[in-house]
Structures are given as C-alpha cells and as structure tokens.
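Chemist: Letter by letter, the chains look like this.
Protein chains: 2
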Amino acid sequence: MDLSEAGRELKNAVQSKKLAILVGECEVKYWGRAASRLPRGKRLLLVKGGDNSLSIHQNTKIRPVNYMMDAVISCAEKDGALLIRAEKRKPAEKIEVVFHSLEHFKAFEMEGKNDLRLFGSEKELSDSLAENLSFIEPGLKPVKREGILRKGIVDILAEDKDNNIVVIEVKRRQADFNAVTQLARYVEHVRKIKDRKIRGMLIAPAITETALEMLKSLGFEFFNLEFEISNPKAKIKGLEKRQPTINEFLK
Amino acid sequence: MDLSEAGRELKNAVQSKKLAILVGECEVKYWGRAASRLPRGKRLLLVKGGDNSLSIHQNTKIRPVNYMMDAVISCAEKDGALLIRAEKRKPAEKIEVVFHSLEHFKAFEMEGKNDLRLFGSEKELSDSLAENLSFIEPGLKPVKREGILRKGIVDILAEDKDNNIVVIEVKRRQADFNAVTQLARYVEHVRKIKDRKIRGMLIAPAITETALEMLKSLGFEFFNLEFEISNPKAKIKGLEKRQPTINEFLK
DNA sequence: GCGATCAGCGGCACG
DNA sequence: CGTGCCGTTGATCGC
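Listed in order, the protein sequences are those of chains A and Y. Quick note on my numbering: the first sequence kicks off at 502 and runs consecutively. Quick note on my numbering: the second sequence kicks off at 502 and runs consecutively.
Read the hints as simulated data drawn from the structure, not as lab findings. We put the beta carbon where it would ideally sit given N, CA and C, even for glycine. Treat the hints with care, as some may be off.
Simulated crosslink set (SDA-like; lysine to any residue; CA at most 20 Å straight-line) [unchecked claim]: (1) Y:Lys589 to A:Arg564; (2) Y:Lys662 to Y:Phe723; (3) A:Lys530 to Y:Leu617; (4) A:Lys695 to A:Phe724; (5) Y:Lys579 to Y:Glu528; (6) A:Lys589 to A:Ile657; (7) A:Lys562 to Y:Arg534; (8) A:Lys591 to Y:Ala707; (9) A:Lys595 to Y:Arg618; (10) A:Lys607 to A:Glu510; (11) Y:Lys543 to Y:Lys589; (12) A:Lys595 to Y:Phe620; (13) A:Lys614 to Y:Val599; (14) A:Lys614 to Y:Leu603; (15) A:Lys607 to A:Asn553; (16) Y:Lys607 to A:Ala608; (17) A:Lys695 to A:Ala685; (18) A:Lys717 to A:Gln675; (19) A:Lys591 to Y:Asp677; (20) A:Lys562 to Y:Leu619; (21) A:Lys589 to Y:Asp580; (22) Y:Lys530 to Y:Asp571; (23) Y:Lys645 to Y:Glu632; (24) Y:Lys717 to A:Arg692.
Partner residues are not named here, just some residues of chain A that face chain Y (Cβ under 8 Å, in silico) [unchecked claim]: (25) Gly550; (26) Lys614; (27) Leu634; (28) Phe636; (29) Ile637; (30) Leu641; (31) Phe678.
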C-alpha cells in the first residue's frame with residue numbers, strides 16, 4: 502500500500518474508530534509538556550480509534566517512545582511523504598510523524614469493552630484488612646469516620662483497646678520513604694482534629710531499611726503483612742491459617 | 502494464517518528478535534505481583550524481540566491491559582487454540598494468552614537503536630537553573646555538593662548572601678504534597694550535618710493550594726518559575742529577557 | 001475540571 | 001542486585 506492510500510485509509514480508520522497499525526520508516530517530533538525528536542528509523546505506529554490515542558513503539562520497552570491521548574488526528578502528504586499530525590489542548594501538545602516509507606498498514610474493527618478483572622489492588626487488600634483488624638492486634642476495631650476524614654485519604658482509621666486512634670496506611674508492596682511521609686501527614690491531620698493519643702501504623706509486606714528508621718524516629722509502628730493475593734495473610738512465624746489463594750482459585 | 506503456523510512463526514520471530522504483531526480473539530490470564538483475568542475478546546498482542554517484552558492492547562489507552570518485560574516466551578497448541586506463555590522470575594510472574602482465532606499475524610525486522618532526544622527533563626531544567634541562581638535571588642550561589650550530601654538527592658544546594666544554606670527542590674510541573682515532603686526530608690537531612698541556618702526552597706511552575714499551605718507551615722519558600730522548555734525562564738511581571746526557545750529552535 | 005493517590009506503575013541512575 | 005525518584009508519568013476516583 503502506498504503512502505497516500507495509507508493516509509486515506511488511516512483517516513477512514515479513525516473515523517470509524519478502528520485500531521490502525523502502521524509499520525515503516527518515520528521520524529517523530531513532539532512539542533508539549535516537554536519536547537522530543539526521534540530521527541528516521543523503522544517503527545510501529547498504533548492509532549486507537551476507541552479513544553483517539555496514539556503511540557509510537559520501537560522494538561523494546563513496554564511504553565511507547567512517543568504518544569498522545571485524546572488527540573485530534575489528521576493526515577496529509579508532504580514532499581511525497583505521509584505526515585500524520587496529532588494535536589490536543591489542555592495541555593497543548595503536538596506530535597508530527599512523517600512516514601518516508603510504509604512496510605505495513607492494517608486497520609481492525611474492535612469491540613469497545615474493557616472488562617479486565619484485577620485482583621490484589623491496594624483498595625481490595627485494605628478493605629479485606631479492615632474487616633479483620635483483630636488479626637493485627639487484639640481489640641483493634643474500625644472507627645466511624647466523620648467530617649474531613651470521611652473517605653479516601655486515610656486507608657484505615659481504627660481504635661485500639663485503650664481507646665487510642667490508630668491511623669493505618671496499607672501498601673501492597675515494599676514501603677519506602679514516601680509511604681512513611683504519607684502516614685506522617687495523615688497522622689498530623691488526625692491530631693489536629695482528634696484530641697486523643699494517635700498511633701501511626703504502616704502495614705506492608707516489606708519496608709526499606711531507611712524507611713523503617715524514619716518510621717521509628719517518628720514513633721510509628723510497622724506491621725509486616727504478607728499478602729496472598731486477594732486474601733491478606735499475616736506472615737507470623739508458626740501461626741498460619743490455611744486459606745485458598747487467588748492463585749489456586751484461578752487455576 | 503492458521504493458529505499453528507502462527508505459533509511457529511512467532512517462535513521464529515522471537516528467536517530472531519523481530520517485532521511480532523498478532524490480532525485476534527483471545528483471553529488473557531496473569532499471575533504475579535497481582536492477578537488478572539481478561540475474558541475472550543479481540544485484542545492486539547505485541548511481542549518485542551528487542552528485549553523480549555510483550556503487551557496486550559485493547560482499542561483504548563496508552564498502556565497495555567496486560568504486559569510483561571524480559572519474558573521467556575513460548576508457544577503451544579491446546580484444544581485447537583494457540584497458547585502463548587510468558588514467564589519471568591524476580592518477581593515471579595506468568596501470563597497466558599490463548600488465541601481462539603487469529604485475524605492477523607506479521608513479524609518485522611527492526612533496528613535496535615533507541616535514539617530519542619528529549620528536552621525539558623527535570624535534570625536539564627535543574628542544571629540550567631543551577632547556573633543562573635542569581636536570577637532567583639541576588640547573591641545566591643551554588644555550593645559544591647560533594648562531601649555534603651550524597652549526590653543526586655538534593656536537586657540544588659546553594660548559599661545565599663548571608664551565608665545561609667539553601668536547599669532547593671525543582672519540579673518541572675505543578676508541585677504537590679510529595680514535592681513538599683521531599684524537600685522537608687532533604688532539609689532535615691542537611692540540618693543534621695550543617696550547623697547553620699537552612700532555608701528550604703521549592704521551585705516550580707505552579708503549586709497546589711494545600712501544598713503551598715504545608716510549605717509555608719514548614720517555613721519554606723516557593724519560587725514560581727515558568728519554564729520555556731529547555732530554557733528556564735522566570736515569569737516575573739515585567740522582567741523578561743528574550744531568549745530563543747526550544748519550540749522555535751525545533752521549528 | 002482540579003486535586004490527590006495508586007500503579008502488576010516502568011524506566012533510569014547510582015551505590 | 002536494591003533504593004530512590006522522575007515520568008510528556010497514565011489511570012482512577014472523589015470533590
């Protein structure tokens with residue numbers, strides 16, 4: 502397929518929300534939040550009609566070397582080459598792809614559904630944990646939220662057997678500096694509202710040495726919790742209740 | 502091309518480090534850091550021989566719905582379908598893609614070079630700013646970083662006209678909570694080492710209201726600096742030195 | 001629309 | 001290798 506025909510077909514594909522694939526010699530320029538130039542070379546251009554996003558891929562990496570989402574896409578011929586322009590505003594950005602030669606063009610009708618089911622998100626783990634707080638510590642109970650703490654910010658808000666407030670931050674992977682400073686922010690936040698002793702607790706499958714140091718210096722606690730995906734399960738030496746795991750479930 | 506031939510061709514493509522493209526009806530399962538299931542539907546599978554990475558794309562979004570890098574990829578037939586397995590360890594992960602029908606298969610020889618030139622990274626902006634500190638404040642001078650802090654942690658370490666240490670954190674976009682807590686960590690770190698007055702300064706094109714609040718409460722300063730990409734240029738009312746911008750340069 | 005946070009973050013650079 | 005942190009972060013959810 503020659504370049505000008507590919508241009509018409511691409512226009513058509515975008516119109517009808519198809520997925521278009523182009524492979525060929527091209528160069529790419531980008532202006533926007535940053536700026537970049539990609540000299541001439543063979544690449545894959547993906548135009549997704551489902552949401553007018555566009556990516557330029559090389560033969561390595563998961564992420565595209567150039568991309569734009571919610572783009573206004575247009576084609577033109579220029580000096581015998583195929584010029585594909587993608588533009589958007591907010592933020593103002595522009596991509597120009599110039600194909601000097603095309604090795605492959607194809608467009609596919611696609612279904613629009615996005616029905617990935619993901620297990621083991623932080624929210625899932627956190628919710629599951631909130632229902633089993635006594636596993637963390639006897640007498641630990643979730644507390645009713647109000648006002649500014651109503652939702653979203655603090656992962657879990659609890660109360661221990663001595664009526665202290667416990668601010669809990671859950672991480673699905675190894676906790677780092679950022680996790681600790683987040684917890685610190687939330688604890689400070691709660692201190693301003695509640696006139697009670699506030700404990701800060703970080704729950705994660707692991708924590709970096711330096712983050713643990715900082716956590717301790719702030720007087721907070723770390724609880725090591727190994728997650729079997731979709732079911733939180735504490736890794737406490739010798740004490741292990743057997744539960745079906747998501748890995749087994751999916752088998 | 503039928504499924505079994507596609508399997509052989511894919512194996513061949515991986516062997517010879519080609520870029521392989523498959524479009525067809527498939528379902529995807531993933532086990533690893535999390536777990537996911539993607540029911541049967543038409544999708545695009547990208548296998549990049551350059552680094553043995555693999556992505557499954559739908560007709561929306563920049564990011565693939567499933568993916569793996571540095572994978573060990575294998576093909577097999579199973580109940581008349583094409584089963585593509587991707588595995589890796591560290592972390593242990595597995596993807597199974599089952600193609601029930603194939604609408605398209607193609608593999609491309611690709612060059613291995615990755616020669617994107619990017620302008621406007623934080624490091625570039627920070628370096629450029631470090632050479633023009635007097636623009637921020639008269640008498641502000643960079644101080645040799647070696648021996649004071651592990652290099653790379655603090656964006657810029659400077660000294661003002663009164664011999665105070667100024668810890669500077671640069672952000673290429675709107676600064677948020679994280680930027681402030683980062684700065685706070687660095688300032689704390691420097692305080693322990695230097696027995697001098699330490700100023701903390703955040704330089705960014707914008708800052709969220711709440712982050713500014715927190716910044717002030719910590720006694721730090723915010724300097725609004727609008728960046729013309731690749732050339733930092735302060736947006737101070739009335740005071741503007743004209744310089745060619747990267748946008749003009751790339752024109 | 002902006003703000004805040006998660007992500008199977010990915011990717012990179014330094015120790 | 002791990003640790004930290006940037007990213008044209010992207011994607012999501014609540015306000």
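Chemist: A separate judgement is required for each hint: does it hold in the structure or not?
Modeler: Right, here's what the structure says about each hint:
Straight-line distance between C-alpha atoms of Y:Lys589 and A:Arg564 comes to about 18 Å, which keeps the hinted pair within the 20 Å bound. At most 20 Å may separate the alpha-carbon atoms for a hinted pair to count; Y:Lys662 and Y:Phe723 meet this at roughly 18 Å. Taken as a hint, the A:Lys530 and Y:Leu617 pair is honoured in the structure, with Cα atoms around 10 Å apart against an allowance of 20 Å. Between A:Lys695 and A:Phe724 the CA atoms are separated by roughly 23 Å; this puts the pair beyond 20 Å, and the hint is violated.
Of the supplied pair hints, the one linking Y:Lys579 and Y:Glu528 holds, its CA atoms being roughly 13 Å apart against a limit of 20 Å. Distance hint between A:Lys589 and A:Ile657 is unfulfilled; the C-alpha atoms sit about 39 Å from each other, more than 20 Å. With a CA separation close to 19 Å, the supplied pair A:Lys562 and Y:Arg534 stays within the 20 Å bound. A hinted pair counts as satisfied when its Cα atoms are at most 20 Å apart, and A:Lys591 with Y:Ala707 qualifies at roughly 15 Å.
Taking the CA atoms of A:Lys595 and Y:Arg618, the gap is about 16 Å. The hint holds against a cut of 20 Å. Taking the CA atoms of A:Lys607 and A:Glu510, the gap is about 9 Å. The hint holds against a cut of 20 Å. Taking the CA atoms of Y:Lys543 and Y:Lys589, the gap is near 25 Å; set against the 20 Å cutoff, the hint is violated. Of the pairs offered as hints, the one joining A:Lys595 and Y:Phe620 holds, with about 14 Å between alpha carbons and a cut-off of 20 Å not exceeded.
For the hint linking A:Lys614 to Y:Val599, the alpha-carbon distance of about 18 Å falls within 20 Å, and the restraint holds. At most 20 Å may separate the alpha-carbon atoms for a hinted pair to count; A:Lys614 and Y:Leu603 meet this at roughly 19 Å. Taking the CA atoms of A:Lys607 and A:Asn553, the gap is near 16 Å; set against the 20 Å cutoff, the hint holds. The straight-line distance between the Cα atoms of Y:Lys607 and A:Ala608 is roughly 13 Å, inside the 20 Å bound, and the hint therefore holds.
Simply put, A:Lys695 and A:Ala685 have alpha-carbon atoms about 15 Å apart, close enough for the 20 Å limit, and the pair holds. Restraint check for A:Lys717 and A:Gln675: the C-alpha separation of about 16 Å stays at or below 20 Å, so the hint holds. For the suggested pair A:Lys591 and Y:Asp677, the alpha carbons sit about 19 Å apart, so the restraint of at most 20 Å is met. For the suggested pair A:Lys562 and Y:Leu619, the alpha carbons sit about 17 Å apart, so the restraint of at most 20 Å is met.
For a cut-off of 20 Å, the pair hint linking A:Lys589 to Y:Asp580 is broken: about 46 Å separates their Cα positions. Of the pairs offered as hints, the one joining Y:Lys530 and Y:Asp571 holds, with about 18 Å between alpha carbons and a cut-off of 20 Å not exceeded. Proposed proximity of Y:Lys645 and Y:Glu632 is supported: the alpha carbons are some 13 Å apart, at most 20 Å. For the suggested pair Y:Lys717 and A:Arg692, the alpha carbons sit about 19 Å apart, so the restraint of at most 20 Å is met.
At about 6 Å, the closest approach between the beta carbon of A:Gly550 and any beta carbon in chain Y falls short of 8 Å, and the interface hint on this residue holds. With a least beta-carbon distance of about 7 Å to chain Y, the hint placing A:Lys614 at the interface is held under the 8 Å criterion. Violation of the interface hint for A:Leu634 is found here, the shortest Cβ-Cβ separation to chain Y being roughly 23 Å, above the 8 Å cut-off. Interface restraint check for A:Phe636: the shortest CB-CB distance to chain Y comes to about 21 Å, outside 8 Å, so the restraint is violated.
For A:Ile637, the shortest C-beta to C-beta distance to chain Y is roughly 22 Å, which exceeds 8 Å, and the interface hint is violated. The beta carbon of A:Leu641 is not positioned within 8 Å of any beta carbon in chain Y (closest approach about 26 Å), and the interface hint is therefore violated. For A:Phe678, the interface hint holds, the least distance from its beta-carbon to any beta-carbon of chain Y being 7 Å, beneath 8 Å.
In terms of the numbered hints stated before, the structure departs from hints 4, 6, 11, 21, 27, 28, 29, 30, listed from lowest to highest.
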